[in-house]
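*Asks:* What follows is each chain in one-letter form.
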Amino acid sequence: MNDSYYDPSAPSLVRVDRVSRTYPDGGVTALQDVSLEIRRGEYLAIMGPSGSGKSTLLNLLGTLDRPTTGEIYFEEQPLSALRDLDRFRSQKIGFVFQSFYLLPTLTAVENVQIPMFEGPLGASARAKRAAMLLESVNMNHRAKHLPMQLSVGERQRVAIARALANEPQMLLADEPTGNLDSRSGAGVLDLFDQLHRERGMTLVVITHSLEVAERAERITWIRDGRLVEQPADTTHYREHL
Amino acid sequence: MQFSAFIWRNLLRRPVRSGLTIVGLSVAVAAVVALVGISDGFSRQYQELYDHRGVDLVVQKVGSSAELNNSLPEDLAESIRKIPHVKECNGGLMDVVSFPERDLLAVIINGWPADSPLFRDRTMLSGRFPTADDHHKVIIGEQLAANLGKKLHDTIRIYDTDVEIIGIFRSVSVFENGSIGTLISDMQDYMNRPHQVTGFVIRTDIPKDGAPEHRAQMDEVKTQIEALGEGIAATASTDFIENVGLIKLTKAVAWVTSAIALVIGAIGMLNTMVMSVYERVREIGTLRAMGWRKTRVMSMILGESVLLSFGGAVIGSAAALLLTRFLSRMPMTSELIEGKIAPVIFVEGFLLALLVGFAGALYPAFWGANLQPIEAMRKK
Numbered sequence: 001m002n003d004s005y006y007d008p009s010a011p012s013l014v015r016v017d018r019v020s021r022t023y024p025d026g027g028v029t030a031l032q033d034v035s036l037e038i039r040r041g042e043y044l045a046i047m048g049p050s051g052s053g054k055s056t057l058l059n060l061l062g063t064l065d066r067p068t069t070g071e072i073y074f075e076e077q078p079l080s081a082l083r084d085l086d087r088f089r090s091q092k093i094g095f096v097f098q099s100f101y102l103l104p105t106l107t108a109v110e111n112v113q114i115p116m117f118e119g120p121l122g123a124s125a126r127a128k129r130a131a132m133l134l135e136s137v138n139m140n141h142r143a144k145h146l147p148m149q150l151s152v153g154e155r156q157r158v159a160i161a162r163a164l165a166n167e168p169q170m171l172l173a174d175e176p177t178g179n180l181d182s183r184s185g186a187g188v189l190d191l192f193d194q195l196h197r198e199r200g201m202t203l204v205v206i207t208h209s210l211e212v213a214e215r216a217e218r219i220t221w222i223r224d225g226r227l228v229e230q231p232a233d234t235t236h237y238r239e240h241l
Numbered sequence: 242m243q244f245s246a247f248i249w250r251n252l253l254r255r256p257v258r259s260g261l262t263i264v265g266l267s268v269a270v271a272a273v274v275a276l277v278g279i280s281d282g283f284s285r286q287y288q289e290l291y292d293h294r295g296v297d298l299v300v301q302k303v304g305s306s307a308e309l310n311n312s313l314p315e316d317l318a319e320s321i322r323k324i325p326h327v328k329e330c331n332g333g334l335m336d337v338v339s340f341p342e343r344d345l346l347a348v349i350i351n352g353w354p355a356d357s358p359l360f361r362d363r364t365m366l367s368g369r370f371p372t373a374d375d376h377h378k379v380i381i382g383e384q385l386a387a388n389l390g391k392k393l394h395d396t397i398r399i400y401d402t403d404v405e406i407i408g409i410f411r412s413v414s415v416f417e418n419g420s421i422g423t424l425i426s427d428m429q430d431y432m433n434r435p436h437q438v439t440g441f442v443i444r445t446d447i448p449k450d451g452a453p454e455h456r457a458q459m460d461e462v463k464t465q466i467e468a469l470g471e472g473i474a475a476t477a478s479t480d481f482i483e484n485v486g487l488i489k490l491t492k493a494v495a496w497v498t499s500a501i502a503l504v505i506g507a508i509g510m511l512n513t514m515v516m517s518v519y520e521r522v523r524e525i526g527t528l529r530a531m532g533w534r535k536t537r538v539m540s541m542i543l544g545e546s547v548l549l550s551f552g553g554a555v556i557g558s559a560a561a562l563l564l565t566r567f568l569s570r571m572p573m574t575s576e577l578i579e580g581k582i583a584p585v586i587f588v589e590g591f592l593l594a595l596l597v598g599f600a601g602a603l604y605p606a607f608w609g610a611n612l613q614p615i616e617a618m619r620k621k
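If you're matching them up, the sequences are chains D and Z in order. Throughout the first sequence, residue numbering follows the numbering used here, covering 1 to 241 in sequence. Throughout the second sequence, residue numbering follows the numbering used here, covering 242 to 621 in sequence.
Bear in mind the hints are in silico, worked out from the structure with no lab data behind them. A portion of the hints provided could be inaccurate.
Said to hold, decoys possible - Only pairs whose alpha carbons sit at most 35 Å apart, straight line, appear in this in silico DSBU-like list of lysine-lysine: (1) Z:Lys328 / Z:Lys535; (2) D:Lys128 / D:Lys144; (3) Z:Lys463 / D:Lys144; (4) Z:Lys535 / D:Lys128; (5) Z:Lys302 / Z:Lys449; (6) Z:Lys620 / D:Lys144; (7) D:Lys92 / Z:Lys535; (8) Z:Lys463 / D:Lys92; (9) Z:Lys302 / Z:Lys378; (10) Z:Lys535 / Z:Lys302; (11) Z:Lys581 / Z:Lys620; (12) Z:Lys391 / Z:Lys489; (13) Z:Lys581 / Z:Lys489; (14) Z:Lys328 / Z:Lys463; (15) Z:Lys323 / Z:Lys535; (16) Z:Lys323 / Z:Lys391; (17) D:Lys128 / Z:Lys492; (18) Z:Lys581 / Z:Lys378.
Being a predicted model, the structure only gives us computed values, none of them experimental.
Whole structure, please, built from the sequences with the hints as guidance.
*Replies:* This is how it looks when you write it as structure tokens:
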């Protein structure tokens, strides 16, 4: 585990307070009484098997979903009190998904500009910033390429550049290496390390890969919608993931 | 990248579908612009003709829905001329004849006295105007001459009578260029309506400046004309044209046909936009996850639709112009259609196209904007 930069005394960025999420249609409780604190600048991995509720937790952190009970605080402000969640997502959160979700008709540099439309930048400033972000993920040479002309690793790099478009305070990554080969996956994780180290970015990575999780400063384990202690034998645990 | 460029890129994703939608909408716009333009042209040409002749009032029998069947006594003109401010009162008998061998089914024929100014306000290209002794002789418009393949001194057959062409003229009106003029006495014989006219056109010396005192004077003239006998109606030329049964019918048919075309266009647009939004559910979910507001997603979808509509409006307007020009050169329609469309009709066509685009995309835009990001991104 990477613990070089973890500062337990850093102020809280996100506080999850006894959050549950129930889906009434299927009577499923995806999360139950979860409490969690994420410190500013922390690199956190959330690990658990499929269906454990880790993606639900990520969606709640990203305001893509709302808790059934409990509260999530961002910089000590309850998210339930926010009137403009779109703006919050646009300005505070960056998303990186397993399937990239790049728009197929737009080039790499145009895809990176998508979140900026809700910001104050004009067209030329957006293009300039997007080019700069692509350079930061070593993708400036592929700026004019469509997603289908990029390798999966390159697509994820573009998606990371897009997630950084509005200088978010927290990057949420859902299985970011899930669709990548080991070399591309390692490259993405190196990029996360770099963002964390150089920009002090708060990173929350959802994964069921122990190798990915071990790049984080801290690992939180989740099972059956509850946070649990780290299994004593992770090798055995890994076999069941 | 501009937002508009993003919208444009979305349309280029399915060029065939976007193209077909534009074509479908352009047919609807062409129908609107051509039909409404043609029907508008009828009343505009009438108005131009009356304006050219300085006609203030049209006198006809009240309550008749078919203008050609109107009948008033010819000698009413003398009484009308005595009314103060009346400068000219010209009676005429009008009918429609056909030349089926040339596919000309509605050729207007007017009968006037030989000394009527209505004869004289056209340019004689060859031949001469009729005199009071020119029985069974006619003058015809240049368009009709071309359509009939006739020249000066040829004969044409009307009302089972062979008549000689003694003049070929050009008028400011397309209608008149496709019409026939003859002596009113001959018309009364042909139609068996002795001493009858279809109506009178009146010129006054009252200024047309819309001043209240001049309007009051015109109203007084109308009142005095209508007091000359029961069932006489004196109508301002503008009001008269708006109430000509054939023009009203033409406009009604044009708008009903256009409405049907527009509804079909709107359904086509709805289908396109629904398909377009359904197949982009994941992308829309992604945009929402990235912080795009519902209003921006709606703007994107409505923008795509409006852009398609704009394309349809441009192509449809061009097609309508080409169609009316083509019809104005066809023998069957050249006496009716001048091949021009008023700019306001194009504006109406554009606005209706944009309205259709907006209406057709409203439901998919609302549906797309209200997608929950997470659920949308999970869609296959």
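*Asks:* Taking the hints in turn, state whether each one holds.
*Replies:* Structure-based check of each hint:
no.: 1; hint: Z:Lys328 / Z:Lys535; result: 68 Å, violated
no.: 2; hint: D:Lys128 / D:Lys144; result: 13 Å, holds
no.: 3; hint: Z:Lys463 / D:Lys144; result: 76 Å, violated
no.: 4; hint: Z:Lys535 / D:Lys128; result: 26 Å, holds
no.: 5; hint: Z:Lys302 / Z:Lys449; result: 25 Å, holds
no.: 6; hint: Z:Lys620 / D:Lys144; result: 28 Å, holds
no.: 7; hint: D:Lys92 / Z:Lys535; result: 18 Å, holds
no.: 8; hint: Z:Lys463 / D:Lys92; result: 77 Å, violated
no.: 9; hint: Z:Lys302 / Z:Lys378; result: 29 Å, holds
no.: 10; hint: Z:Lys535 / Z:Lys302; result: 62 Å, violated
no.: 11; hint: Z:Lys581 / Z:Lys620; result: 52 Å, violated
no.: 12; hint: Z:Lys391 / Z:Lys489; result: 33 Å, holds
no.: 13; hint: Z:Lys581 / Z:Lys489; result: 19 Å, holds
no.: 14; hint: Z:Lys328 / Z:Lys463; result: 14 Å, holds
no.: 15; hint: Z:Lys323 / Z:Lys535; result: 73 Å, violated
no.: 16; hint: Z:Lys323 / Z:Lys391; result: 42 Å, violated
no.: 17; hint: D:Lys128 / Z:Lys492; result: 56 Å, violated
no.: 18; hint: Z:Lys581 / Z:Lys378; result: 33 Å, holds
Checked against the numbered hints above, the structure breaks hints 1, 3, 8, 10, 11, 15, 16, 17 and satisfies the rest.
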